[in-house]
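Whole structure, please, built from the sequences with the hints as guidance.
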Amino acid sequence: MLTKRIIPCLDCDLQVPEGRVVKGVEFKEIKYAGNPVELATKYYEEGADEIVILDITASHERRETMKDVIDRLTENVFIPICVGGGIRKVEDYVKMLKAGADKCSTNTAAIHNPQLLSDASEVVGSQAVVIGIDAKRRYISSPEDAKDKNVFETEKGYCWFDCSIYGGREFTGIDVIDWALKAQELGAGEILLTSMDGDGTKEGYDIDLNKAVNNAVDIPVIASGGVGNPKDILDVFKKTDVSAALAASIFHFNEYPVGEVKKYLKENNIKIR
Amino acid sequence: MVTIIDYKSGNLKSISNGFKKIGTESEITRDIEKIASAEFLVLPGVGAFGKAMENIEPFKELIVEHVNDDKPFLGICLGQQVLMSSSDEAPDVNGLDLFKGHVEKIPDGRKIPHMGWNQLKIYNNSQILNGLNNDFFYFIHSYHVVPDDENIIAGYCDYGVKIVSALSENNLFSTQFHPEKSGLQGLKILKNFVNLKY
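In the order they appear, the protein sequences are chains A and B.
Just so we're aligned, residue 204 is where the first sequence starts under our numbering, counting upward by one.
Just so we're aligned, residue 93 is where the second sequence starts under our numbering, counting upward by one.
Bear in mind the hints are in silico, worked out from the structure with no lab data behind them.
Even for Gly, the Cβ is constructed at its ideal location relative to N, Cα and C.
Keep in mind that the hints are not guaranteed to be accurate.
As the list claims (entries may be wrong) - Below, in silico cross-link-like pairs of lysine to aspartate or glutamate (EDC-like), each with a Cα-Cα straight-line distance of 16 Å or less:
(1) K105/B x D274/A
(2) K143/B x D322/A
(3) K126/B x D98/B
What the hints assert, rightly or not - So, partial list: chain B residues that the calculated Cβ filter (under 8 Å) puts toward chain A:
(4) V138
(5) M207
(6) L279
(7) K280
Said to hold, decoys possible - Here are some chain B residues pointing at chain A (derived, C-beta under 10 Å):
(8) K113
(9) F151
(10) G278
Take a look at the structure:
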C-alpha cells in the first residue's frame, strides 16, 4: 500500500549567505529556526518522506542562493526535494532540477501564465511540475450568489474558494476547483494546496477545502496551512483522501519531531512509512 | 566506477550523489567511448517513453552490447520502462526489448501518478534486492511494466493493482522506484549493484 507522506516545509529567507529558515511568517515575531541544509538533513534523518523548500523572499538574485542550498543539501539528503518561490520560467525548473531538486512548485507565475505548466511538463515531465494553490474562503448566503463558482456547504455556511497570489496579498477571483482541474489538464503532476484562512492559525487543516479539491482531481494533493499539532495531521488523513500533509513550524525547535509525529499516526492506523 | 548515461533525462545529480555517499566513484556522461568501456552502467530517466527512446538512440547499441556481455546494468524508473519491448505511452516506438513485455498505463480508479512511498515485496530472489523485503521505496510514475515472463520479476508493490517494481535477469536489473530518493534502503540497492561480480 502507498503510504501517506509527511512533508516538512522550510520557509527560507535567502537574503543572507546560505539562507536561513524562518519560523512564523508574520513579520512581528520572526524567529530563525536554523540553516536550511542542516535542518533538511535533520528531518531526512528523522524520517521525513519529502522536503519542500520555499523561498519566501523570491527574487532573481536569490535564486542563485537557492540553487546553492539545493546543491549542498542533496549531497546528504536522499528523499524527494520540492522547491518553490521564484519559479517563473521553464529554465528555472531546469536549473533547480539540475541542482538536485525533483520538483518545482509555482503559484503566481502559473496563474499569470498557465502555459508555463504545459511548457514545463513537456520539458521536465509532469512529475516535476507542482501547482501551488493558495485558497481563501469566500462566504456567501446562498449558492445562488455565486452561480459560476463551485459552492460548498460548510459548518460556517456556504462558500467558494478563491485563488490568491503573491503569498496571500492579492486575490484573483478564480475558483480553486476550476483552476486545479485546469492545472491538471495542462500537465501539473501534484497540487500543493494551502488554506490561507488556516495558514498560521494552528486551528487545523481546512478539511472542506482539501476534500473538495482532492475529490475533483486525479493527481495527488498535499494538504497545507493551519496545522498546530499531530492530531491535525491525523484529522486530515481520516477525513479526506489527500496524499500528503505538509507542516512547517511544528517541526522546528523540536516542538514535534518528525519521527514522533509518524509514530503517532501509525498508532492511529494511518499507513505511514 | 559507475557510468551514468546522460540522455537529457531527469535528476542525474542525485544518482551520482547516491553513489558518492556509498563510497563509489561515478561519472555522468554522454561520451560514446566512456559508455562503451563502462563496467557498471546506469540508465536513469523521468519523462515520456517516446522522447526518451529518441534521446537514447545514440547509445542504443552500446547498451545492448553491454547487457549482452553480461556486465552490470541498472535501469531506474523510465530507465526500466525503456528496457521493455513496447509501451502504451508511445505505441509506434520500439523499446530496447532487453526485457520481453509491455508497458501499460496504471488503471483508473486511483490517484495517478502513483507517487510516494510504497512497500516492496520480494518476488524472485535477486541480488540487487538482498535484505530489502518489505522496505519502503519512493515511486513516481503513471505507467507500469508487464513482463511476459514472471520469472524476471524481482519485486512488486500493491497499489490496488500489482505494480511490478523491479526486474532482474543475469546482470541486468531495473527498478520502477527511485533508489537514489529512497533513503538508506535505496542506498543499499546502489551498494548491492556495485557489489555485483561479473
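Here is how each hint holds up against the structure:
1. K105/B x D274/A: holds, 9 Å
2. K143/B x D322/A: holds, 15 Å
3. K126/B x D98/B: holds, 12 Å
4. V138: holds, 5 Å
5. M207: Cβ of M207/B sits 5 Å from chain A, so the hint holds.
6. L279: holds, 6 Å
7. K280: violated, 11 Å
8. K113: Result: holds, 7 Å to nearest chain A Cβ.
9. F151: Result: violated, 20 Å to nearest chain A Cβ.
10. G278: Cβ of G278/B sits 6 Å from chain A, so the hint holds.
Hint compliance for this structure: hints 7, 9 are not met, and every other hint is.
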